[in-house]
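First to last, the protein sequences are chains B and A.
The opening residue of the first sequence carries number 1 in my numbering; numbering runs sequentially from there.
The opening residue of the second sequence carries number 1 in my numbering; numbering runs sequentially from there.
Everything labelled a hint here was simulated from the structure, so no lab data went into it.
Computed from a predicted model, the values in this text were never measured in an experiment.
Keep in mind that the hints are not guaranteed to be accurate.
As a list, the in silico BS3-like pairs of lysine-lysine whose alpha-carbon atoms are at most 30 Å apart [what the hints assert, rightly or not]:
1. B:202 / B:237
2. A:174 / B:227
3. B:227 / B:148
4. B:296 / A:56
5. B:174 / B:289
6. B:227 / A:285
7. A:227 / B:289
8. A:248 / A:190
9. B:289 / B:277
10. B:285 / A:286
11. B:237 / B:248
12. B:248 / B:274
13. A:274 / B:273
14. B:227 / A:286
15. A:286 / A:258
16. A:258 / B:274
17. A:248 / B:277
18. B:148 / B:202
19. A:289 / B:258
20. B:55 / A:296
21. A:42 / A:56
22. A:259 / B:277
23. B:202 / B:259
24. B:277 / A:274
25. B:148 / A:289
26. B:285 / A:202
27. B:125 / B:74
28. A:259 / A:148
29. A:227 / B:303
30. A:258 / B:273
31. A:258 / B:296
32. A:303 / B:248
33. A:303 / B:237
34. A:74 / A:125
35. B:42 / B:148
36. B:148 / A:286
Selected chain A positions facing chain B (Cβ under 10 Å, derived; list incomplete) [unchecked claim]:
37. 206
38. 211
39. 212
40. 225
Where a beta carbon is used, it is the ideal one built from N, C-alpha and C, also for glycine.
Protein chains: 2
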Amino acid sequence: MRQGSKGDRQGNINMNSRFGKVAIVGMGLMGGSLGRALLKGKTAKEVMGIGRNPKKLALALEAGAATGVTTDYKEGFLNADLIVFGVPVRDIPELFRRNYGLMGSCRAVTDMGSVKETIVSEIEKIENGAGRDMNLFVGSHPMVGSEKTGIANSSPGLYYGGTCIVTPTARTDKKRAAYVRDFWESAGMKVVSMTPEAHDEKISGISHLPHLLAFMLSNMQEQTIRKNSVIIGNGFKDTTRIGASNEKIWSGIFLENKKAVIGDIDRTTAELKKIRKIIGASDEKKLQKYIRNARKLRESLNK
Amino acid sequence: MRQGSKGDRQGNINMNSRFGKVAIVGMGLMGGSLGRALLKGKTAKEVMGIGRNPKKLALALEAGAATGVTTDYKEGFLNADLIVFGVPVRDIPELFRRNYGLMGSCRAVTDMGSVKETIVSEIEKIENGAGRDMNLFVGSHPMVGSEKTGIANSSPGLYYGGTCIVTPTARTDKKRAAYVRDFWESAGMKVVSMTPEAHDEKISGISHLPHLLAFMLSNMQEQTIRKNSVIIGNGFKDTTRIGASNEKIWSGIFLENKKAVIGDIDRTTAELKKIRKIIGASDEKKLQKYIRNARKLRESLNK
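Chain B with its partners taken away, still in its complex shape (with noise of 0.2 Å):
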């Protein structure tokens, strides 16, 4: 592998284009940020920007992110070193099973979803039934984002200082999994591996929940949100940004991470019930220790 440079927060990397051709399926928030980034950067000589809306790729073109834009995935993937999926997670395997007699030439296909273990086990399958040994696919969820979605939102410094996690299985090609590794870093980013099970596990609780319980607090205080918003402070605000999040996305990490979303349904009446006993007894000792931890675990996270 070529020695790997971090480039700035302004996605000013300068490798002198390292990475020749990226097609990039879908130019919306991340697909149109990692686009930008990676002309910015020089990372990569061309980008190919890949979509179904001529005008939406129009955009894209026209804010940097792709040197070239196509309906066509013949044209798009013809050529290119590495392929990257950004569109929603219940998309990526029908997109990469239709398009994959497309992908002989590259050197390795990745996606951005946020759920791994369905993705990765149905691309896999179509890599097995395909009868040839060409597993080019490796899952990659660079943990970035916005709840703001679109070509008009996305910023070429979205991926810089993030972290990406890479879900490499045992059939997964090594050199493959080394390249796109090697990709997020020129990116910026911290890379760390684990296995698709542990991401849609960990990730659940840490991303799928707190959006969950996001788009909950606003449903529940609708009222109070349409009548009487003067009175809703930062504390709300902060806590509900994700909860602006797209509802096509989001219904489909929710449901493709069905079970790791629904044992954290269940850990968190567990927990809440575990709260509120607390509370009804008035047990203040038991309450601040709650707290007191809570606090510090969350201040760990600004050092």
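Chain B is already provided as a structure; the job is to place chain A on it using the hints.
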């Protein structure tokens, strides 16, 4: 009432000290920020900081949060026009009771507690029991703050632009209530009136429950926070920011507002059951509808 002036976020109000002497009990984040705003904006001529700890009082004086400090309530309250309690909710009624005899000369007494029903009713009992016609107290809850505490984290701009809920009752002296409203408006706040009961119920949902969920989320993710914090992103951090709040303050709030908080815990459990059912049934349409409603509500708070 004199004409209110809104000043600016830097606390520049220049009202020629329309509130002569304001005594603030408790020179922490809330009391310290208030003192700094009143002096910087010349809203008060004198701010007397009252507390137990001479070292902390000296820091408040140094920070420009008071023109004088004392541990002696008699000295502190002497000739005060307004007395403001800025201490944890559970300490307010007892401090009021102990020092009620020293408040004779002032135009009003108020507080900044996040719970109102227990505080207001306990203080009204004290005022009733005193056998004299002197209803000094008007409950307030300026809905600003921070997960941080202490004079070192105080800011003269904390109150400006925020909302303050004032909770007069049938017993409250109307002139004193108007005086307290005027005071918060002079500090640049929007002022809303409601009963203590309505306050506690609404604030439980939009502030106490979000805090409780933030504490809970950090405690549930203790292992990941301790061992794998590199994978924790901004979503979790924003959602749990208020979960770094102080245990003495927040155990007091939960216990003083026990009835409403337990009601909200039960509503949360019921809501989680509803969401669990939708996810369990893989009802994508219902799930998208649920999230879309939440997204639109949350987006409306950005306007």
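Results of checking the hints against the structure:
Proposed proximity of residue 202 (chain B) and residue 237 (chain B) is supported: the alpha carbons are some 25 Å apart, at most 30 Å. Using a Cα cut-off of 30 Å, the hinted pair residue 174 (chain A) and residue 227 (chain B) holds, with the two alpha carbons roughly 26 Å apart. In summary, the hint linking residue 227 (chain B) to residue 148 (chain B) is supported, as the alpha carbons are separated by about 25 Å, within the 30 Å threshold. This hinted pair checks out: residue 296 (chain B) and residue 56 (chain A) have alpha carbons roughly 23 Å apart, not beyond 30 Å.
A distance of roughly 47 Å separates the Cα atoms of residue 174 (chain B) and residue 289 (chain B); the hinted pair therefore is violated under the 30 Å criterion. Using a Cα cut-off of 30 Å, the hinted pair residue 227 (chain B) and residue 285 (chain A) holds, with the two alpha carbons roughly 27 Å apart. Annotation: proposed proximity of residue 227 (chain A) to residue 289 (chain B) holds, straight-line Cα distance about 21 Å (limit 30 Å). The straight-line distance between the Cα atoms of residue 248 (chain A) and residue 190 (chain A) is roughly 28 Å, inside the 30 Å bound, and the hint therefore holds.
For the proposed pair residue 289 (chain B) and residue 277 (chain B), the alpha carbon gap of about 14 Å is at most 30 Å, so the pair holds. Distance restraint check for residue 285 (chain B) and residue 286 (chain A): the Cα-Cα separation of roughly 42 Å exceeds the 30 Å cut-off, and the hinted pair is therefore not satisfied. With a C-alpha separation of about 22 Å, the suggested pair residue 237 (chain B) and residue 248 (chain B) falls inside the 30 Å cut-off, and the hint holds. Simply put, residue 248 (chain B) and residue 274 (chain B) have alpha-carbon atoms about 34 Å apart, too far for the 30 Å limit, and the pair is violated.
Of the pairs offered as hints, the one joining residue 274 (chain A) and residue 273 (chain B) holds, with about 17 Å between alpha carbons and a cut-off of 30 Å not exceeded. A C-alpha spacing of about 25 Å is found between residue 227 (chain B) and residue 286 (chain A), which places the hinted pair at or below 30 Å, so the restraint holds. The hinted pair formed by residue 286 (chain A) and residue 258 (chain A) fails the criterion: a straight-line CA distance of about 33 Å is larger than 30 Å. A hinted pair counts as satisfied when its Cα atoms are at most 30 Å apart, and residue 258 (chain A) with residue 274 (chain B) qualifies at roughly 15 Å.
Of the pairs offered as hints, the one joining residue 248 (chain A) and residue 277 (chain B) holds, with about 18 Å between alpha carbons and a cut-off of 30 Å not exceeded. Simply put, residue 148 (chain B) and residue 202 (chain B) have alpha-carbon atoms about 23 Å apart, close enough for the 30 Å limit, and the pair holds. A threshold of 30 Å between alpha carbons decides the hint, and for residue 289 (chain A) with residue 258 (chain B) the separation of about 17 Å falls inside it, so the pair holds. Between residue 55 (chain B) and residue 296 (chain A) the alpha-carbon distance is near 25 Å, which keeps this suggested pair within the 30 Å criterion.
Of the pairs offered as hints, the one joining residue 42 (chain A) and residue 56 (chain A) holds, with about 23 Å between alpha carbons and a cut-off of 30 Å not exceeded. Under the criterion of a C-alpha separation no larger than 30 Å, the hint pairing residue 259 (chain A) with residue 277 (chain B) is consistent with the structure, at around 13 Å. Between the alpha carbons of residue 202 (chain B) and residue 259 (chain B) the distance comes to roughly 12 Å, so the proposed pair stays at or under 30 Å and holds. For the hint linking residue 277 (chain B) to residue 274 (chain A), the alpha-carbon distance of about 22 Å falls within 30 Å, and the restraint holds.
For the given pair, residue 148 (chain B) sits about 18 Å from residue 289 (chain A) by alpha-carbon distance, which is consistent with the 30 Å threshold. Between residue 285 (chain B) and residue 202 (chain A), the direct Cα distance comes to roughly 26 Å. Compliance with the 30 Å bound is thereby established for this hinted pair. The suggested pairing of residue 125 (chain B) with residue 74 (chain B) holds, with an alpha-carbon distance near 22 Å, which does not exceed 30 Å. A threshold of 30 Å between alpha carbons decides the hint, and for residue 259 (chain A) with residue 148 (chain A) the separation of about 27 Å falls inside it, so the pair holds.
For the given pair, residue 227 (chain A) sits about 14 Å from residue 303 (chain B) by alpha-carbon distance, which is consistent with the 30 Å threshold. Distance check on the hinted pair: residue 258 (chain A) and residue 273 (chain B) sit about 14 Å apart at the alpha-carbon level, within 30 Å; holds. Proximity of residue 258 (chain A) to residue 296 (chain B) is assessed by CA-CA distance (about 24 Å); at most 30 Å being required, the pair is judged to hold. For a cut-off of 30 Å, the pair hint linking residue 303 (chain A) to residue 248 (chain B) stands: about 23 Å separates their Cα positions.
Restraint check for residue 303 (chain A) and residue 237 (chain B): the C-alpha separation of about 12 Å stays at or below 30 Å, so the hint holds. Restraint check: the Cα-Cα separation between residue 74 (chain A) and residue 125 (chain A) comes to about 22 Å, which is no more than 30 Å; the hinted pair holds. Restraint check for residue 42 (chain B) and residue 148 (chain B): the C-alpha separation of about 26 Å stays at or below 30 Å, so the hint holds. Restraint check for residue 148 (chain B) and residue 286 (chain A): satisfied, since their Cα atoms lie roughly 21 Å apart, inside the 30 Å limit.
For the restraint placing residue 206 (chain A) at the interface with chain B, the shortest Cβ-Cβ distance is roughly 5 Å, inside the 10 Å limit, so the hint holds. A least Cβ separation of about 7 Å between residue 211 (chain A) and chain B falls short of the 10 Å threshold, and the interface hint therefore holds. Because the closest C-beta pair between residue 212 (chain A) and chain B is about 7 Å apart, less than 10 Å, the hint holds. Taking 10 Å as the C-beta contact cut-off toward chain B, the hint placing residue 225 (chain A) at the interface holds, the least distance being around 5 Å.
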